[in-house]
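2 protein chains.
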Amino acid sequence: MQKIAGGITAARGFEAAGMHIGLKKVKPDLALFASEVPATAAGMFTTNLVQAAPIKVTKEHLAHKGKIRAVVVNSANANACTGEQGMADAEAMTAQVAQKLGCSAEEVLVGSTGVIGVNLPMEKLERGIEAIVPKLNPQGGGSAAEAILTTDTFTKEYAMEFQLGGKTVRMGGMTKGSGMIHPNMATMLAFITTDAAIDRSLLERALGEATAQSFNMISVDRDTSTNDMVLVLANGLAENPEIKEEDADYQVFCQALFEVTRQLAKLIARDGEGATKLVEIQTRGAANLDTARTVARSIASSNLVKTAVFGEDANWGRILCAAGYSGASFDVEKVEIFLGDLKVAEQGRGIDFSEERAKAILGQEEVKISVDLNSGSFQATAWTCDLTFDYVKINASYRS
Amino acid sequence: MQKIAGGITAARGFEAAGMHIGLKKVKPDLALFASEVPATAAGMFTTNLVQAAPIKVTKEHLAHKGKIRAVVVNSANANACTGEQGMADAEAMTAQVAQKLGCSAEEVLVGSTGVIGVNLPMEKLERGIEAIVPKLNPQGGGSAAEAILTTDTFTKEYAMEFQLGGKTVRMGGMTKGSGMIHPNMATMLAFITTDAAIDRSLLERALGEATAQSFNMISVDRDTSTNDMVLVLANGLAENPEIKEEDADYQVFCQALFEVTRQLAKLIARDGEGATKLVEIQTRGAANLDTARTVARSIASSNLVKTAVFGEDANWGRILCAAGYSGASFDVEKVEIFLGDLKVAEQGRGIDFSEERAKAILGQEEVKISVDLNSGSFQATAWTCDLTFDYVKINASYRS
Chain A
1115 MQKIAGGITA ARGFEAAGMH IGLKKVKPDL ALFASEVPAT AAGMFTTNLV
1165 QAAPIKVTKE HLAHKGKIRA VVVNSANANA CTGEQGMADA EAMTAQVAQK
1215 LGCSAEEVLV GSTGVIGVNL PMEKLERGIE AIVPKLNPQG GGSAAEAILT
1265 TDTFTKEYAM EFQLGGKTVR MGGMTKGSGM IHPNMATMLA FITTDAAIDR
1315 SLLERALGEA TAQSFNMISV DRDTSTNDMV LVLANGLAEN PEIKEEDADY
1365 QVFCQALFEV TRQLAKLIAR DGEGATKLVE IQTRGAANLD TARTVARSIA
1415 SSNLVKTAVF GEDANWGRIL CAAGYSGASF DVEKVEIFLG DLKVAEQGRG
1465 IDFSEERAKA ILGQEEVKIS VDLNSGSFQA TAWTCDLTFD YVKINASYRS
Chain B
1115 MQKIAGGITA ARGFEAAGMH IGLKKVKPDL ALFASEVPAT AAGMFTTNLV
1165 QAAPIKVTKE HLAHKGKIRA VVVNSANANA CTGEQGMADA EAMTAQVAQK
1215 LGCSAEEVLV GSTGVIGVNL PMEKLERGIE AIVPKLNPQG GGSAAEAILT
1265 TDTFTKEYAM EFQLGGKTVR MGGMTKGSGM IHPNMATMLA FITTDAAIDR
1315 SLLERALGEA TAQSFNMISV DRDTSTNDMV LVLANGLAEN PEIKEEDADY
1365 QVFCQALFEV TRQLAKLIAR DGEGATKLVE IQTRGAANLD TARTVARSIA
1415 SSNLVKTAVF GEDANWGRIL CAAGYSGASF DVEKVEIFLG DLKVAEQGRG
1465 IDFSEERAKA ILGQEEVKIS VDLNSGSFQA TAWTCDLTFD YVKINASYRS
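These protein sequences, in sequence, are chains A and B.
Using the numbering used here, the first residue of the first sequence is number 1115, and each one after it goes up by one.
Using the numbering used here, the first residue of the second sequence is number 1115, and each one after it goes up by one.
Bound-form chain A, shown alone (with noise of 0.2 angstroms):
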C-alpha cells in the first residue's frame, strides 16, 4: 500500500476538470468529475435538521440504487436555505451535466459550499456547466480540487496504490472545509474515487466505518454544517474480482479507504481557519471505543485548549477539564497527559515537568497530545488546530 501522486483522477477511468464561472471574483468555482463507465456509489451526510438543496437531491439520487456517473460541485454559494427555488437548481444542475453526458440526472450528484440563503445565480451555471464538461481529462483532479475551496488555503488530495486479487487498485480524493477549528459550521465536502470493483453494500459499510474514524474525528457529533457530504465512487475498472462479502479483500479496500479519509481529513484540520499548527489528540487505555473517541473529541473541540496550543502554553488542566466534561465516563485519578513524550500529569493532577520543553514541544508545527485513562485498551485519535487571531479575522466578515 504506496502513496501516489494525485487525487479523484487517480484511479483509471475518471477524468476531471475545474473553472471560473464567476460565483467567486476571480479563483474556480465549479469543479466536475465523471467516470468513463458508470461506478457504484455511496455516500455520508450532514445530520444538521437544516439540509441545503444539493445534498437532498444527492440523497434522491443515490436512492435509486443505480451506478453513478458524474459528480459536479460549485464553490462560494451553498445553496442551502433556498427554498423550492434552490431544489429547482440543484436538480437543474445534475440534470444539464447528464444530458451534457449522454446519462440521466440520476446517474449525476451534485455538491455545494460558501454561503447560506442566497439561491444560484443559475445561467452562470448552466454558462459554467455548457463549458466544464469539454474540459474533462484524467489530468484535471488538482483543477477539481481547487474549485471546491472556500476559506481553504491550499488544495486537498491524497492518492494510494495497492494490490486487490491480484491487481493494482488505485484510489484517491480530495476534500476542502477549513473552517475546522470549530468544525461545526464548515461545510466539509469529500470526494473519493476508485477503480476497485466493489460491491454497492460493503462500499457503503466502509465509508461509513472509515468516516467515523477520519472525518468524523475532527467533528463533533451533531455538530455538522447544512451541506456536508463525503461521496465515494468506485468503477471497477482495476478488474479485481469484486469484493462481494467481507474477506481478506474488503479489509485491504477498508484500510485504504480509512487511510485516503485519514489523510484528506489531517488535511482539514492543518488548513484550519487561521491555522498555524496541526494538532493530534490521541487518547488510549479507555475501557471502550465510544470513550476513546468521546474524550479525544471534546479535547479537539476545546476553545481553550486550541488557544492554549497557539500560545504555545503548557496548560494541560484545560485538556482534564476538557476530558472531564466530555461526558464520557472514567476515573479521573488515573488519567495521564503527555505534550509529545513529554508526560505533564498523573493520576488526574500536574507533576513537575520542564516547561522549556513543553513550550519547545508546543511550537512545533504538528503537536501531539495524548492522553491515557488507565482504565482499558481502546484508543481513539482526533485532529485539531490552533486557535489563532486569524480565525476571528476570517470569520468576523466571511459574507463581505
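Keep in mind the hints are simulated off the structure, nothing from the lab.
A few of these clues could be false.
FRET-style restraints, in silico, Cβ to Cβ [to be verified]:
id: 1; chain 1: B; residue 1: Ala1474; chain 2: A; residue 2: Met1115; range: 53 to 63 angstroms
id: 2; chain 1: A; residue 1: Gly1197; chain 2: B; residue 2: Ser1489; range: 17 to 27 angstroms
id: 3; chain 1: A; residue 1: Ala1119; chain 2: B; residue 2: Ser1489; range: 44 to 54 angstroms
id: 4; chain 1: B; residue 1: Arg1319; chain 2: A; residue 2: Lys1473; range: 42 to 52 angstroms
id: 5; chain 1: B; residue 1: Ile1465; chain 2: A; residue 2: Lys1179; range: 32 to 42 angstroms
id: 6; chain 1: A; residue 1: Lys1141; chain 2: B; residue 2: Ile1465; range: 21 to 31 angstroms
id: 7; chain 1: B; residue 1: Ser1443; chain 2: A; residue 2: Ala1362; range: 41 to 51 angstroms
id: 8; chain 1: A; residue 1: His1178; chain 2: B; residue 2: Ser1443; range: 22 to 32 angstroms
id: 9; chain 1: A; residue 1: Arg1319; chain 2: B; residue 2: Gln1365; range: 48 to 58 angstroms
id: 10; chain 1: A; residue 1: Gly1197; chain 2: B; residue 2: Lys1173; range: 49 to 59 angstroms
id: 11; chain 1: B; residue 1: Lys1173; chain 2: A; residue 2: Asp1455; range: 36 to 46 angstroms
id: 12; chain 1: B; residue 1: Ala1326; chain 2: A; residue 2: Asp1404; range: 25 to 35 angstroms
Every residue, glycine too, gets a C-beta built ideally from N, C-alpha and C.
For this one, chain A is given, so just place chain B on it according to the hints.
Showing chain B alone in chain A's frame:
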C-alpha cells in the same frame, strides 16, 4: 420589587471583605462573607467529572444539612486536580475561618477559581484568613466582589428589595466568570445572600429553577468547569413568616431570585473575555421548553454566530445552521429570524432586508437575535457575547 445598590451585603446581617494576600501580583485575591446568624443554604455545582477540591468540600459541608455561617473564596488558583493535598487545603481553609468565627468547619463553605493543577500556597492563605476576618463589615460586598475576579474586567453585583409577608426583604449577589465566549471552561462563581426566611428544601428548589433560566442559559449542558458553583444563603433576619410551602410568598421569592440570577448572568455574558457586545438570543414559538432552550443555547454557543456579530455581518444562515445542529426537533420551513426587530429570514430562508439597517443593529452594544419557530408557545432566552481578537489574546497565554 426594585433594584437597590450593593451585592452580597445588601441583605441584613451579612458582612464581607476582600483583600490582596499575594496569590495575584497586585489585585485582591481573597474574599470572605459571613452571616451574623446561621443561614439556610443551597448550592448548585459543576457537572464536570473533574471536580475541584473546594467543590467536593462545599458539597460535603452542605450535605450535613446544618446552617451555614460563612463562605471563603480565593481567586488565581482553582485548587483543582491537586490530589489529596488539595482536599486537605480546602478543608484547612474552612477550619481556619470557623475557628476565627467561633463555629464548626461544616458551617463554612469554600470556593476557588484560577489556574488548574497547582497546589495552593497555604502559608499565604493562612496569613490571609488571619488578616481578613477582622475586616468583615456590612459595606464589604464590593470589596469581596472584586477579590473573586480573574480575567473579568469589572465587578458584578446586583441587589433588590421586595415584600414578603408584610416585611421588606433584601436579596443581593455577586458573580465572576469572564471566559464565557465558550462557557465550558470559565469558572463561574455566584454567591447570593438574602435576609428572607425560607425552608431549606424550598430554597434548593428555587435555586435550581432560577439557575436553569439564568446561569445555565449562558452555559451549555456538560460544558462546565471544574469549579463552577452557585450558592445562596438565607438568614431570615427580614423576619418574614418562613416560607414553608409553594405559596404566593414562594412565588415572589422565586421571582426575585430569578431576577437577581438573571442580572448576574447577563453581567457575565457582557464581560465575556474580549467581548465588545452583549448578545441576547431569544427563541419563541417552540413546541416545548426544552426545544426553546436547546436552540437558544446552541446559537449562543456558535463561534461563527459570535464572530459574525463582532464583524457586524448579518449572516443569518449561521444562526439557522446552529439551530439546525442543536439536536432539537422543529420544522425548518417555519422558522423566522430577526436581528433586533428586523426580519431577515422567514419560512427557513432569506428575505430581502436592508443590509445597512442590519449592520446598524449589529453595531450596538446590546444585540438581540430572535428566532421564532412558529410551532408552539414556549420561549427561552440565552446570553452570550461576540468573539473577538482579544478572546484569543487573553487565552493564548492565560498562565503567563
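Here is how each hint holds up against the structure:
As the Cβ distance of Ala1474(B) to Met1115(A) is approximately 58 angstroms, the hint placing it in 53 to 63 angstroms holds. Between Gly1197(A) and Ser1489(B) the C-beta distance comes to about 18 angstroms, which sits within the given range of 17 to 27 angstroms. The hint said 44 to 54 angstroms for the Cβ distance between Ala1119(A) and Ser1489(B), and at roughly 53 angstroms that hint holds. Here the CB-CB span from Arg1319(B) to Lys1473(A) is close to 49 angstroms, well matched to the stated 42 to 52 angstroms.
Under the hint 32 to 42 angstroms, the C-beta atoms of Ile1465(B) and Lys1179(A), about 38 angstroms apart, fit the expected range. Between Lys1141(A) and Ile1465(B) the beta carbons are some 29 angstroms apart, a value that agrees with the proposed interval 21 to 31 angstroms. Hint check: Ser1443(B) to Ala1362(A), Cβ distance near 43 angstroms, so the stated range 41 to 51 angstroms holds. For His1178(A) and Ser1443(B), the Cβ-Cβ distance of about 28 angstroms falls inside the hinted range of 22 to 32 angstroms, so the restraint holds.
Between Arg1319(A) and Gln1365(B) the beta carbons are some 57 angstroms apart, a value that agrees with the proposed interval 48 to 58 angstroms. Between Gly1197(A) and Lys1173(B) the beta carbons are some 52 angstroms apart, a value that agrees with the proposed interval 49 to 59 angstroms. For the hinted restraint 36 to 46 angstroms between Lys1173(B) and Asp1455(A), the CB-CB distance of approximately 37 angstroms keeps it satisfied. Evaluation of the 25 to 35 angstroms hint for Ala1326(B) and Asp1404(A) yields a pass: the beta carbon distance comes to about 28 angstroms.
The structure meets every hint from the earlier list without exception.
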